[in-house]
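A.B. asks: Listed below, chain by chain, are the residues.
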Amino acid sequence: MHVVILTFCLAFRGNKMTSYQTRKGFWHEAVALEGAVTLKVIPSVLIFGILSSVVCGAASFIKDHFQVSFELDISVFGFAGVALGILLVIRLNAGYDRWWEARTLWGGIVNQSRNLIISSITYGPENKTWRDNMVRWTAAFPHVARHTLRSEPLSDEVINLIGPDAASNLTASGHMPSTVAMQIGELLQTATKQGELDGFAFMQIDRERALLIDHLGACERIVLTPLPQIYSLKIRHFILLFLLLLPVAMIPQLNTIWWIPILTMLIAYPLLSLDQIGVELENPFSTANHSHLPLNDISATIERNLLSFLHLKQ
Amino acid sequence: MHVVILTFCLAFRGNKMTSYQTRKGFWHEAVALEGAVTLKVIPSVLIFGILSSVVCGAASFIKDHFQVSFELDISVFGFAGVALGILLVIRLNAGYDRWWEARTLWGGIVNQSRNLIISSITYGPENKTWRDNMVRWTAAFPHVARHTLRSEPLSDEVINLIGPDAASNLTASGHMPSTVAMQIGELLQTATKQGELDGFAFMQIDRERALLIDHLGACERIVLTPLPQIYSLKIRHFILLFLLLLPVAMIPQLNTIWWIPILTMLIAYPLLSLDQIGVELENPFSTANHSHLPLNDISATIERNLLSFLHLKQ
Amino acid sequence: MHVVILTFCLAFRGNKMTSYQTRKGFWHEAVALEGAVTLKVIPSVLIFGILSSVVCGAASFIKDHFQVSFELDISVFGFAGVALGILLVIRLNAGYDRWWEARTLWGGIVNQSRNLIISSITYGPENKTWRDNMVRWTAAFPHVARHTLRSEPLSDEVINLIGPDAASNLTASGHMPSTVAMQIGELLQTATKQGELDGFAFMQIDRERALLIDHLGACERIVLTPLPQIYSLKIRHFILLFLLLLPVAMIPQLNTIWWIPILTMLIAYPLLSLDQIGVELENPFSTANHSHLPLNDISATIERNLLSFLHLKQ
Amino acid sequence: MHVVILTFCLAFRGNKMTSYQTRKGFWHEAVALEGAVTLKVIPSVLIFGILSSVVCGAASFIKDHFQVSFELDISVFGFAGVALGILLVIRLNAGYDRWWEARTLWGGIVNQSRNLIISSITYGPENKTWRDNMVRWTAAFPHVARHTLRSEPLSDEVINLIGPDAASNLTASGHMPSTVAMQIGELLQTATKQGELDGFAFMQIDRERALLIDHLGACERIVLTPLPQIYSLKIRHFILLFLLLLPVAMIPQLNTIWWIPILTMLIAYPLLSLDQIGVELENPFSTANHSHLPLNDISATIERNLLSFLHLKQ
Amino acid sequence: MHVVILTFCLAFRGNKMTSYQTRKGFWHEAVALEGAVTLKVIPSVLIFGILSSVVCGAASFIKDHFQVSFELDISVFGFAGVALGILLVIRLNAGYDRWWEARTLWGGIVNQSRNLIISSITYGPENKTWRDNMVRWTAAFPHVARHTLRSEPLSDEVINLIGPDAASNLTASGHMPSTVAMQIGELLQTATKQGELDGFAFMQIDRERALLIDHLGACERIVLTPLPQIYSLKIRHFILLFLLLLPVAMIPQLNTIWWIPILTMLIAYPLLSLDQIGVELENPFSTANHSHLPLNDISATIERNLLSFLHLKQ
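The listed protein sequences correspond, in order, to chains A, B, C, D and E.
According to the working numbering, the first sequence is numbered sequentially starting from 1.
According to the working numbering, the second sequence is numbered sequentially starting from 1.
According to the working numbering, the third sequence is numbered sequentially starting from 1.
According to the working numbering, the fourth sequence is numbered sequentially starting from 1.
According to the working numbering, the fifth sequence is numbered sequentially starting from 1.
Simulated from the structure, these hints should not be mistaken for lab results.
A portion of the hints provided could be inaccurate.
In this list, chains with the same sequence are indistinguishable; a pair is considered to hold if it fits within one copy or across any two.
Computed list of lysine to aspartate or glutamate pairs in EDC-like fashion (alpha-carbon distance at most 16 Å, straight line) [unchecked claim]:
(1) K313 <-> E186
(2) K313 <-> E126
(3) K313 <-> D132
(4) K40 <-> D97
Given the structure is predicted, the values throughout are model-derived calculations rather than measurements.
Chain A extracted, bound-state conformation (with noise of 0.2 Å):
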């Protein structure tokens, strides 16, 4: 009972809405250093740094050397940085629907859990023991969907959720996903051949459980597939080329050669910055980018979500 009661207090912590609460004034994430992309940014601003200074160098000898100045048009730098800017925005956009699309497949597989559960009670037999199978099975999905994004091995959470036994089963399957939804599939058959399972709310249930292969598919497919190598490659070609040339343009227009690198630098932190952002919201599952999605977090709260529905009925 005391079990119980701790579920459900752990549970409603779980489904606070508190993420907005955190978000700070403009102030605080203006100058805020924590978002280490500007760290994994830096190094490469520095190397651009140190070139545009050897290419004003080498331009100033040229010049005094053999009277040819580079009087590279400025205005051909605006027709360039259109075409960067076309790049940037379409990979920016890929990036951010990819992340959002991952997220919204993570919502996807979060309300078929509890809609699978929630009819699974309501319809299902009314055997204890084939109820805590299924919430237990539905339960340890998340999990093993997670654990595949990531090429990791199986957690101690699904160990608990479906005994040792199951769980080294399961690890020497092909899919680990597709096992949990063949368990599902089974649990089912074996309500609907004892009569207890209507055919029409089998019907239901089992279309949410294909749907939680559907939206794990769909996950793997953003995982397996990045943006189309042509664009990274000719992106990072493109903001070379203009890093390069960019101080052979400015020589003419100042008077003072040594503010040259600091303004390429000042140039090179934003559009490497956006390249950067780029890069880290291709692969939302990845824990090594900063704006992976928490699916440790949502895959708990399924667990909790489903286990208190479990507690609810009896």
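Dock chains B, C, D and E against chain A, hints included.
C.D. replies: Here is chains B, C, D and E on its own, set in the frame of chain A:
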């Protein structure tokens, strides 16, 4: 009988399409101050004015004492402005999409509630108590969903619908909207078991019930998942960097240096406003934001609609 | 019999794909004035011309008497213009999306009505009265939906279809389209109870009925939810600010000061037009807007189509 | 037997994925003239050249006789250009989206026809006549849909499939595609009544039939609903205004006035081309447009596919 | 038994989420040459360099001999650049959307195959041969789909799965993927007729089968429908026009005329690259393109997965 008529009148008034009659003309809106984003943004704009003065002072001090002039090329700011524009566009778009998706999901809750009750009343048992229970629990769903999304306690509206005992049980349960859905499911199960609800009709009604959970889960996804932090941090980094360097770039262009802080503030105002609109639209449920969705009105309208369906059949 | 032939002719004419034949050539449209957005926008454009003259007068007065010159850098206006452009793009896009979504939803009402009647006539009871009732109530749905969206009273078209008694009951009901859907549901229930409608066919038909409610609910969402107010207010704030400061910025650039109000008006005209188009597209149902959807034609076409199906089977 | 082999060969040739082999290299396409949008646009471009000369003449006449010089600031044209760009982007996007949606809908007609016949042949009665009728009526649907969308009379293809009597009845009916769908529905009803089609299989097949009507209805929506008129009119107003004022703005910038009409035409050419592409893509079914969808090929391919399924089972 | 273990190992290796580990750092990608779009674009870039020299020579010849100077205002190129940008953005976006839609469709083929076999094995007959046939035909579908999309002959993979006789019959059939779907349908029909597959389970499985055809049909749509020709032609017209006039515009701006061809080539490089990326992404299936989808890997993974499900149940 009078109550019925009164309910109809209320329902009718509630359904009148009135929102557009309140849109005012161009000039009225162009000078309106009630859209308090302006008030939220003004302090930061003033701070940027002060910072701009400080930067100008420092620059002229350095120029006078060290003979070092700051000649940041203004075209640099064109490119930085494009990068900022890209990020603000994406953020605004993403914010608006979230806002509109949230509204669409609540529109789905309206539709699914209606269909659930229309079908229950038309195809379900003629038992008055059963119908009454069905309508009350379905009408409670949007209220409960609203409370969950806003982390509010249960309101009197819910207690009036389902009674104080059920309400306190509901509060104790892990995930309130799922508990309501489970209650609806049990009513369906009872009717099916008693042979008063056909299997095909059950399936149609149960699908609507499952969609209610899907819509709510999607709203929770929106509440719990703000934009990736690398966005909001980077956008504000860029705004800060841009507005700090802008005065330096304007020094050689303007004769009278006291114009620079005013210009900086004129540029800061739209940038910070766009940033603030993006933040406000990100969480469409919070009553702390000006453009939050009218969830109270929507759930009250659903309740009135569903009750009127009940009276229609009697 | 003659009535049938006449109905066919009307139906055929009604279905002819004629809208594109009426598109005129470039020059005809480029000088057309009937798109009265121009007329709605002209007053504000003139007011901005007057304001611009006032600003110029004040500026030259201050310049002459206090030796203070206004040197707003024109590049500032580039950035402000980009911000304005961003907002106008998003608003226009959002407006067009709403308009097209509304049209798509009405296309859905067309499709669902057709499928509902095709299936009812093909799979339903051979009873002539039942079929007639089914067609009449289904044909009444789009009319009723139109009246609800426009807050109009019931038209003669509805009264002719369902008779004056049912029409007055309908007016008295809380949500008219739901009442019509309930009536269709009862016809289906009757046929099922009498064993003249198979369960599977019932399910298919009932799904189309439920979709009618979904489509209508989505249209109500569009009517009841304008763009977030922080958008429309801010856009108009920015337009006002931009057009008031523009003359100040143009003073040092132009020799002849009387050109400035004309230029301001030339810039105000497209900005205000885009704003006005956004407003018009926001509510695609209101007959007060020029580009409102032809709901009268669409619902009349549905009625003709459905009646012709009825005659086809007799 | 020979007919069968011939049909297979045709079907196979029809299914070969050949469209991309015909894409030519950059230079071949860059100088191609067959994309006759150029030819449609040239007259308007020339008219703008003439108008430009007239404007220049008038301007120099006024300048000489009244000492009034026209100093339209060129930056004004930057902003007007951005506004034009916004509108053209939205229009082009909307046009392309309509075009691609129309193609997707016809892809849906392909898929639904295939599934309808695969399921009918596999799960339906073994009766040869029934199957033959099913295939013929389903194969007639895309032809009839094409004729309806293009307001064409029935072609020989349809008459060959369903015979002259049914074809003349079809022509007399109100909405031809619905009549075909009704015919398919009656075949399904017959098979169900005779106990040769299972209820579950019936439901799957009937859903595909209903989707055919949905796809066609969506195509009708595209044909019957051009872009909102306030768009097309305003875009052309702006183009006209822009190109008439452009010469005035260029007068003080150029030394040799005879260059201005040539420049105006060089700017008018892409603007008018984009406008024209938008118009062409708006109606993807009309054979008067260059990039209309190959509906004849698609419906012939469907017919061949479906007939080959029939032969496969015999 | 050894075969089973080997299959598991292969399946597991095949499912490891490895694609992101291979993304390299900024500098590695910025100088990579293997993305051979560069190599495809270089020839055209050089040709534009030569053309630019010719134009410059002609211009200076005319200037010297006829005293006619070419003063194309550089701002004209701003507008033309915006028009080009618009078109390239839309094309790139459309290309990427097609690519990602194609990937999503293949993700759907993965999901539907899994669900089809999970349900068949769990709910279908316990007959080993039936299961084996089901898995083999379902595993053959993605291979056959791939061959159809690429117009390839049947590979050994298919022959191994379904045997040489069935394979030659398949090649002789009109539309191979439909024939496979029909075969799956017949297996379902057999099981249903024998009373070993419940109607509800049949419906779920048959829906997955129908979706396979839908996904494949959508892929065929992408292969068979390139972008509207008026796009690709016009974009290349504009690029040609733009790059031919650019040298003329640069003559009065640059002192040393030999810089112009180099600048033209620097501008031509990104423009032509973007055009080429758009072309490559347009057809995501052709192995002639660098960023084509890894269909071989995907269909091999499906085959391994499905076979592992089979072993799991034995």
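A.B. asks: Determine which of the earlier numbered hints do not hold for this structure and return their numbers in increasing order.
C.D. replies: Those not satisfied come down to hint 4.
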